[in-house]
Structure formats: structure tokens, C-alpha cells
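Colleague: Residues per chain, in single letters:
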Amino acid sequence: MMEKEKSLFLFQILKISETRGSSAISFHFNNIDWQEIFAFSTFHNIEPLVFFHIKEKGMENVLPPNIYQQFQKSYHQNAACNLRKFHELGQILECLNKSRLPVVILKGAFLASCVYSNPALRSMQDLDILIQRQSIPAAIDKLIKIGYHLAIPPWVNSIGFHVVLATPEISSRLEIHWDLTTPNEHYKIPSDALWASTIPIEIENQQALALCPEHLIIHLCQHTAINHLFMQGLRPLIDIDRTVRRYRDDLGWKKIISLSSAWGLQKAVALTLFLCRQYLDTPIPEPVLENMGCGKIDPDIIQDTLMQVSYGSEIADAPPAGLFKVQAENKIGRKVGLFLKYVFCLPPTPYPTSPKRSKLLTAYYVFRRLIHLIGHYSGSIWKLIKFNWVGNEVRHRNWILLRWLQE
Amino acid sequence: VEIEMTNSDTRKVTKAPEVLVQDLDGEAVLLNLDNGQYYGLDGVGYRMYQLLITSDSFDSAYEALIQEYDVDPQKLHSDLKNLLDDLIKYGLVLKLKQKTKIK
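Residue numbers (the working numbering), protein chains in the order written: chain A, 1255 to 1661; chain B, 75 to 177.
Isolated chain B, as found in the complex (with noise of 0.2 Å):
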């Protein structure tokens, strides 16, 4: 599957160190000790989070999705760039580095 995207995302990131990840059989809980909020997630989104901390980038952990979920994949991307952004909103992630390649 092809899809056209206008940029491509090569943002890294780490969990933050006062964020605690409560694992709940699948689904998960990120707690940020210092602003006390927490952010709940289905299983598809906890998958989201581990491929986001653990990949190179935004992209490969795009790349890794849409090989597990047979999905519409600008919905997926969407989803993901959703999910990130409010990780990184609520203090739940920290950015490594950004960097922005316009193909």
C-alpha cells in the first residue's frame, strides 16, 4: 500500500522518567508522577506506544502498524500522529530529536 503523505516524521522518542506504565493485560495506563495525569489505552493504542518508544522514528513505527492491522492507512496514521501528540502534550513521552524531510 501506497499513501501519499506530504512530509515524513523522523521524530524519536523516549518515555519520560517520572511516567509510570502500568500494563493491564493488554491495555495500558501512563501516569506521570509530576502533573498527575494519566492517559489510558486500548490495546491497539498501547501497541501504538511500545512501537513509538521503541522505534527509530514516527515512520518506522508507522511502518510496523500497518504490517500488524489491516487498516485504512491514513486513518492509522492519523491515529498515530493523534496519539503522539498527546503523549507529548500530557508530558507522557519526550522527544529525542525532530527532524522534518520534505519528499
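Same shape as in the complex, but just chain A (with noise of 0.2 Å):
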């Protein structure tokens, strides 16, 4: 089974039928090699998922026992994992909502939380928090007096949305962001619209706030297309399936519409919409994708989406997104110019608690970023550029895929 079939043929597990009777899967059991779609879902960070609506759909009976248990392991495992994660997220609020500081809960927590029909089903990296820029410097004061600490050194995580944070006893991180979108590009999502539009929301017994259904799922779409290029396998297809499922009957898809365009996004939106739809069977009414203004899509666009959704994973650990952008283009120059505003995020974005930068400062925030560009991402970059490791029909795809949506 090739990487595209294994795709196809674990979104007919996780579609949700519409009506009883229409989910046969189409596929013949005996030639399923099982091993190697476990194997596969594990790569995309959804075996909990795949195993949930295999015993949903009541086919546990054709797994052979020792898959059987291999998913359930992984179930239980990942359960654990965000029980731990929850436990974590309810001190952060607790703390944070002593001292007044609002926070919405972002991705993988709300989605896990929210959306997902039972916290085991989604896994989780890190927890994703948003809080008010002015609040950024008093909020990680406050973490620090409850054990955490910065875990990239402000000068070197300098890509201008987000610091990142960790307690030394937990592997997890906390991204704090102020902004969803880094600066320089050509879309952005304004943060005081999310604010303006966040709704109330309990976890573990704390107060919080989620993003409106619709900048939650223009989120997902940006996340999903544009920060990863779909590289991130099918989970974020599957969020987005569920969140569209989960406020079915509240979604505006004017709003988003509208919203999706003003923001530079309407690309993204149209294509990742599109895909739900074509393999999950996402309930998009058909003149929300007509009205996104972006045309037909063409299909060798979905195609190549396809083969990143399906191979993504494999490249999950590689160099900076920006790298590939830098790859994609053709002439030196534009290399350059795109290595130092994406890879070497020049100049760099000043970090909410920092002081105002002097040039003897800017010269140790480049030196810094040098030193961690090197010692993160050295042995990838090498492999990419002396062994053409992710290969050329990838980066073809990357250059289209990216051509396209900032067009």
C-alpha cells in the first residue's frame, strides 16, 4: 500500500457518516497489512483516533490481537499523556487567572478538550496559550514563581509571536503567543478581532476563553497550509473536520468567507475546506467554497496537497519552514533575501518583555541565532543540501503548493 492509499484509507475510518448504513468501507480486509497502518498512524499522531472509530464502526474484530493491543496501548498512553497535559493547563490557568490576565486556549488543548468527542482522542506536543501583549511580561512572571522557565533564550526564539516556556519535570512546553501570525507575511490575522470575539470557556474547573468557531477554523487553515504546507499529515484535516461537525449549526461561513479574504487567506481556507470536504465529508456548504473567490482549484494543486497530507510526517523533524521556501525560489538574490527574513527572521521582532534593542544588541541576537540555527538544524540542512534528502518531486510541490497560495 503506498503512502496516498494508507491516506484514503484512513479517512473512510474517520469519516462520520451522515447516515446509518452509507460508511462501507470500501476496501478489502484481507489485503490490509495492519502492522503497516498502525505504523502509518502512529506517523501522523492519530492511532488514538484511528482506534476510537475502528471499535466505533465495530471492526475491532478484524484487527489480529496483538494490533489490537499495540492501538490500545497508544489510546491509553495518549490518554495518560493529556491527562498529565490538562493537570498542567489547569495550575497555568489557576495562577494566571489569580492575577487577571485572560487566556485563550489554543489548538491541540481546545481542540482535545472541546471538540474531540473525548480528551484521549487528540494528541497533544505542547500546550498553545494567547495572551494580550501588554500581559506577556506579567503572565511569564507569574509562571516563573510557579516553576517554569524560559526555555529558548528570548534572543535566539525571536520570530515575533510566541515565547516558549517549560518546567524542568515535565517534557511538554508552553508556547506563549501574543500574535497567531509571524510578521513579514502576506496574510495576517489581526489579534484584536480574536480578542473582540473570543468565547467563555471552562477547563479543569478554571475560566478561559477559545477563539469564535470561525477565526478558529481560519486558524486551523492558515496552521495547517500555510505555517506547514499540509506537511503535518492528516490530523490537522481531521481538527478541522470535527470543529466544522462540533459548531455545525453556529458557524457563520459569511463571516469566514469575508474574514478569509480580508486576511489574506482565502486561499488556504479554500483549499483546506476543500480537502475536508473530498475526504472526510466535512458538512461545507458547496457556495462557501464557490464564494472564497479563488476560483476553481486546479486539481494537480489537490493532487500534490494529497501527497503532502500523505507524506508529510516523514519530514517532520526537517529544517525551519522558511528553508523551504528559500529552497523553492530560483534566483540567488531572492534566496538570500528569503534566508534572512524567514530562517534568520531579520530583523528581528522585538520580544514583548525586552528592552529596545541597540545595534550591539541586534549583533548578539544575530550571533545567537546563528549559534542555534547551526546546533538545531545543521545535520537536516546538510542532508537536504548535499543529499536532496526530502527529494525533488517534494520540493517541487513545496514551490507550487506555496506559489499558489500567496498568488
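For the record, the hints were derived by calculation from the structure and aren't laboratory data.
You may find that some hints are simply not true.
Unchecked claim - Below 35 Å or equal to it, Euclidean Cα-Cα: the simulated DSBU-like pairs (lysine-lysine) are: (1) K1585(A) with K1595(A); (2) K1352(A) with K89(B); (3) K1352(A) with K1396(A); (4) K1309(A) with K149(B); (5) K1550(A) with K1589(A); (6) K1311(A) with K169(B); (7) K1589(A) with K163(B); (8) K1309(A) with K163(B); (9) K89(B) with K1399(A); (10) K1396(A) with K1442(A); (11) K149(B) with K1327(A).
Since each chain comes alone in its own frame, lean on the hints to assemble the complex.
Modeller: In C-alpha cells:
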């Protein structure tokens, strides 16, 4: 089974049927290598969800006993990991609520607790929260008092929209965002608009906020299409599908269309929603995609994107996404410009707690950033250059997709 | 059904305070925050756990289970005992009192 076929098979398992009896899976189970499917699910961080839907569809009997046990173990392991992370999130919220600092719960933690039907179904790497820019210094101070520290020195972590904290005993990281988009991009999600439409939620008996469903969907599409060029695999599409289904009756599709356009994200949103509808039967009304203003999506783009989704996780430990923008460019002058902008992150965006930078401090930033890049990415960058690691095909797809999304 | 047992077990246990429980639509995971140990329970295991922490004793939990499941009594007794031993070993439940009577 090729990667694309495995993706299509998993899409069928993960599809939520609107009508009883219509979810028949057209694959012959005799031909399925379940060990391969388990490995592929793990690759895409969706094995708890696959296990859940296999059981829900009454297909657990087709799994060989050892594969059943592997799926079940992953499911339980993810539940335990998420329990710990939610406990940690509860402490973070308690700390920030005491200081009256409003917090928006982003991505994984929100999706796992409020969108998926049980919190063990969605794996989480980091905890992501959004805090108002002016409150970042106070939030960091409060969190340092309960045991957190800056995981990456601010001079290095100057990509301009978040700061990363960690605790010594817990391996997960806390990313505190003050913005959802990096500076210097062709699109912009204004933080003020996000804050103005937040909705109250409760997590771990603590009050918190979440993005309104329309903003959440646009953000998820932006993150999937632009930040990761669909290389995070199947999980982001499932996130969007489940979010649409969760808020189905309350979704303002007109708002999604107009904001996507106003924020420069209409192609990212249109393509991502198209894939969700195509492969997961996501209930998106037909006029939504027609009214996105980007016309009929080229079938080659759709096929390229499906390949990105299928092979995506293969390069999950790849160099910074910006490097692909550099790699996709032909002209050397443009390459250097893109490298400085997207990989080296110049000019450095002021970190909210940092004093205004002098030339000396900027030079220090450049030095630290260089050391950081060499330390973290030298191996993978070397592979990319020397051995054409991800291959011409992937490079070509990245280039095509980037151009299409930015045109 | 009458089974022959040498001991009656009046152990009563309760969930340890540092343990978190996640219900997973019939299955469950127990996580000990102090040592990071977790224990996954399938549907039957979770039912056993629920009865162990809510019953007056191990024997009461066993009696309730034997009414619910069509299962070999010896096997059930042994599985329940093994589960309880594991839960104690991993610090997931605390013994409230322990008393053994010889029949």
C-alpha cells in the first residue's frame, strides 16, 4: 500500500457518517497490512482516533490481537499524556486567573477538550495559549514563580509571535502567543479582532477563553496550509472536520469567507476546506467554496496537497519551514533575502519583555540566532543540501503550493 | 455458584489523592501524578476498579461482579486480585484497612 492509499483508507475509517449504513469501507480487509496501518497512524499522530473509530464502526474483530493491543496501548498512553497536560494547564490557568490575565486556549488543548468527543482522541505536543501582548511580561513573571522557565532564550526565539516556557520535570512546552501570525507575511490575522470575539469556556474547573468558531477554523486552515504546507499530515484536516461538525449549526460561513479574504487567507482556507469536504465529507455548504473568490482549484494542486498530507510527517523533523521557501526560489538574490527573512528572522521582532534593542544587542541576537540554527538544524540542512533529502518531487510540490497560496 | 476460597478478603481501597482518572467511553486510564505511572483499563477492568473503590471490601466487589458477568468464578477472583495488587503496587489506590479471616 502506498502512502496515498493508506491516507485514503484512514480517511474512510475516520469519516463520520451522516446517515446510518452509508459508511461502508470499500477496502478488502484481507489485503490490509494492519501493522503498516498502525505505523502510518502513529506517523500521523492519530492512532488513538483510528482505534476509537475502528471500535465505533464495530471493526475491532478484523484487527489481529497484537495490533489491537498496540492501538489500545497508544490510546491509553495518549489519555495519560493528555491527563497530565490538562492538569498542568489547570495550574497555569489558576495562576493566570488569580492575576486576572485573560487566556485564550489554542489548538490542541482546546480541540482535545472541547471539540473531540473525548480528550484522549487528540494527541498534543505542546500547550499553546494566547495572551494580550501587554500582559506577556506579567504572565511570564507569574509562571516563573510556579516553576516555569524560558525554554529558549528570548534573543534566539525572535520569530515574533510567541515565547516558549517549560518546567524541569515536564517534557512538554508552553507556548505563549501574543499573535498568531509571524511578521513579514503576505497575510495577517489581527489579534484585536480575535480578542473581540472570544468565547468563554471552562477547562479543568478554570475559566478561560477560546477563539470563536469562525476564527478558529481560519486559524486552523492557516496553520495547516501556510505554516506547515500540509506536511503535518492527516491530523490537521481531522481537526478542521471535527470543528466544523462541533459548531455546525452556529457557524457563520459568510464571516469565514469575508475574513479569509480580508486577512489574505482565502486560498489557504479554500484549499483546506476543500480537502476536508472531499476526503472526510465535512459538511461545508457548496456555496462556501464557490464564494471564496479563488475559482475552481486546479486538480494538480489538489493532488499535490494530498501527497503533502500523505507523506507529510516524513519530514516532520525537517529544518524550519522557511527554508523550503528559500529552497523553492531559483534566483540567488531572492534566496538570500528569503533566508534572512524567514530562517534568520531578520529584522528581529522585539520580544515584549526585552528592552529596546541597540545595535550591539541586535548583533548579539544575530550571533545567538546563528549558533541556535547551527546547533539545531545543521544535520538536517546538510542532508537537504548534500543528499537532496526530501527529494525533487517534494521540493517541486512545496514550490508549486507556496506560489499558489501566495499568488 | 459456590467457590472454595481459603481466605476472605475484607480489604477496602480508595483512589489515591494524586491519581487522575480519565473515563474513555467505558475504558479508563489512571495516572499517578507523583510517579508518572499510568494504568490502562479495558471495559471490564474499569468496572472492576469502580467496584473496588466503591465497595466495602474486596469480597463485596467480587460478589457484585459475579452477578454481572458470566465468568469462571476462580478466574474472576484471580483477575480481580491481580488488578488490586497492581493498583496498590503502582500507587493508584490506597488501602483503608486490611483484615484477613481464615474460614
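Colleague: With reference to the structure, classify each hint as holding or not holding.
Modeller: Status of the hints after comparison with the structure:
1. K1585(A) with K1595(A): Given pair K1585(A), K1595(A) holds - Cα atoms ~15 Å apart, limit 35 Å.
2. K1352(A) with K89(B): holds, 29 Å
3. K1352(A) with K1396(A): holds, 10 Å
4. K1309(A) with K149(B): holds, 26 Å
5. K1550(A) with K1589(A): Answer holds: K1550(A) to K1589(A) is near 31 Å, not above 35 Å.
6. K1311(A) with K169(B): violated, 40 Å
7. K1589(A) with K163(B): Not OK: K1589(A) and K163(B) at ~59 Å, beyond 35 Å, violated.
8. K1309(A) with K163(B): Between K1309(A) and K163(B) the Cα gap is close to 31 Å, so the pair holds against 35 Å.
9. K89(B) with K1399(A): holds, 30 Å
10. K1396(A) with K1442(A): holds, 29 Å
11. K149(B) with K1327(A): holds, 23 Å
Of the numbered hints stated above, those contradicted by the structure are hints 6 and 7, listed in ascending order.
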